[in-house]
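J.: Numbering follows full-length UniProt numbering, in which position 144 of the sequence shown is assigned residue number 144; successive positions increment by one, without gaps.
Check each hint, because a few of them may be wrong.
Okay, derived cross-link-like pairs now, DSSO-like style, lysine-lysine, Cα gap no bigger than 27 Å in a straight line [said to hold, decoys possible]: (1) Lys106 <-> Lys133; (2) Lys106 <-> Lys93; (3) Lys210 <-> Lys113; (4) Lys466 <-> Lys544; (5) Lys16 <-> Lys106.
Simulated from the structure, these hints should not be mistaken for laboratory data.
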Amino acid sequence: MTEGWSALCKETNEQKLHNIANELLETERAYVSRLELLQTFHDALMKEAKQGSFPVEVLNKIFSNISSIQSFHGQFLLPELESRMKEWSISPKIGDILQKLAPFLKMYAEYVKNFDNAMETLRGWMEKSVQFKNVVEEIQREGKCGNLTLQHHMLGPVQRIPRYEMLLKDYLRKLPADSLDRKDAEKALELISFAATHSNTAIRKMENLKKLLSIYEMLGEEEDIVHPSNELIKEGQILKLAARNTSAQERYLFLLNNMLLYCVPKFSLVGTKYTLRTKIGLEGMKVVETQNEDYPHTFQISGKERTLELQASSEQNKEEWIKALRDTIAEVQQKNETFKIAIAKELEETPSEVSRAELGLRAPRWIRDNEVTMCMKCKEQFNALTRRRHHCRACGYVVCWKCSDYKATLEYDSNKMNKVCKDCYKILRGSIDSEEKEKKRGILEIESAEVSGNSVICSFLQYNEKSKPWQKVWCVIPKNEALVLYMYGAAQDVKAQATIPLLGYTVDDAPRHVDLPHSFRLTQSKSVHTFSADTEELKQKWLKMIKLAVIGETPEEPEETPPASEGQSEPSH
1 MTEGWSALCK ETNEQKLHNI ANELLETERA YVSRLELLQT FHDALMKEAK QGSFPVEVLN
61 KIFSNISSIQ SFHGQFLLPE LESRMKEWSI SPKIGDILQK LAPFLKMYAE YVKNFDNAME
121 TLRGWMEKSV QFKNVVEEIQ REGKCGNLTL QHHMLGPVQR IPRYEMLLKD YLRKLPADSL
181 DRKDAEKALE LISFAATHSN TAIRKMENLK KLLSIYEMLG EEEDIVHPSN ELIKEGQILK
241 LAARNTSAQE RYLFLLNNML LYCVPKFSLV GTKYTLRTKI GLEGMKVVET QNEDYPHTFQ
301 ISGKERTLEL QASSEQNKEE WIKALRDTIA EVQQKNETFK IAIAKELEET PSEVSRAELG
361 LRAPRWIRDN EVTMCMKCKE QFNALTRRRH HCRACGYVVC WKCSDYKATL EYDSNKMNKV
421 CKDCYKILRG SIDSEEKEKK RGILEIESAE VSGNSVICSF LQYNEKSKPW QKVWCVIPKN
481 EALVLYMYGA AQDVKAQATI PLLGYTVDDA PRHVDLPHSF RLTQSKSVHT FSADTEELKQ
541 KWLKMIKLAV IGETPEEPEE TPPASEGQSE PSH
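Between the sequences and the hints, there should be enough to build the whole structure, so can you do that?
T.: This is the structure we're talking about:
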């Protein structure tokens, strides 16, 4: 009886090991299919990129080394597992095969490291390029995508390593202590577990980005909070006490790691929606408990933007909100202090730091991009689209475009005009009075000849806004204001008809009408501007400059424009 029971247990255990190995094989087949699907996305987008719709480099940022991962699994690991399962009765082991996976884990380390940047780049180009978006959505509609997005499928390689770890742990629990496969299986688990740590971190970040995207949609896509540096800490309903009559009004809070979003519920037939009332920065915020006889469980938050008295649903809920707010505020304060100390230390330890007296006389040491996360002047957080990093050529600080929108001659650079920050401009020029006086002149009162003679690009274009008739306008993007499009009735007009601040606009370069094959459109919220060039060549030149401007990039050299005799650009003055 005992021998029979032992044999049964042994048989059951061997069957369990076989089942685990078979699950590994089946999940590997499904994984290789997903990798092939990612390759399909890559190849289709590459075909579109080679037609000039968007830069090829964008795909390298998004797909990283996915081709290498796909080749390894499709051509090596999957065939090895299929071969082993066919001869399982002769060689019942998988540890030796999975140990061979170890040298290739570096590929996953690269993919996981790039994952945040890949998600951000993908999201950005889905918004910026209609062609890019159309290619992605067309493949997503195919049955093999299973109604899942490209972002979801890209998470596959990140999730695969933890899956190997889970199966190996289960396999080792069932594996006899004296098994010939134990040493290989334990070694494989050790190597794979180390890699899984990084993958699990990336998975948590992806889940956080999904939460942020959900909030972004609930806010009507008005407040762009979807960024890897942002993290949702807490959210929930709250009551706000009115200052005059102390009536309680329903509100909703989203606490992020760097801001508090104070929202009002909005009626919606489709999903939960909110209107953002105030975005309150956490730096310097105070949170205190308050005593109110008529309204229990109240507390007050006081930030730079607004002070609110709020009522929680219970004493426990109040304590949870106060703790979450105070803990997050403390982290923000600590990060800011660390940032200030690091900058101060950097300045103390860098002998090449330019003093006020030497400003412009000696080249500064540039602060590295990865040493700062916010503008060193206005302290606004950098992001990939609307607030990018720039260097002041006088002091070397990393600043945003708003804080570097000045130019001055620098003696160390043969007295050439260079981009500098506002503080350095004041020092080098003595003041900014003359510039401020210039700014007092209405932006529309700048003469066409003045901006055309020093422009990035200028030419006649057909222009249409909403239901108004088409009109021929002289369009200019000045070199010193490369993020603004000026529109004049004629090339020598002394006053512009209108200006368009290009930053943040979406560019749609698909023709709008059969009679206007060289047209394109700029959209932002409810603003829609449609333009049409005389030729495809001129259209592409405008698109090149506008696509830089909408993401905050300014071209260094002016674009050569065609002669005016064909109804296009007039010669520079």
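J.: Taking the hints in turn, state whether each one holds.
T.: Outcome of the hint check:
1. Lys106 <-> Lys133: Not OK: Lys106 and Lys133 at ~31 Å, beyond 27 Å, violated.
2. Lys106 <-> Lys93: holds (24 Å)
3. Lys210 <-> Lys113: The given pair, whose Cα atoms are some 18 Å apart, holds under the 27 Å limit.
4. Lys466 <-> Lys544: Given pair Lys466, Lys544 holds - Cα atoms ~24 Å apart, limit 27 Å.
5. Lys16 <-> Lys106: Distance ~31 Å between Lys16 and Lys106 Cα, so the pair is violated.
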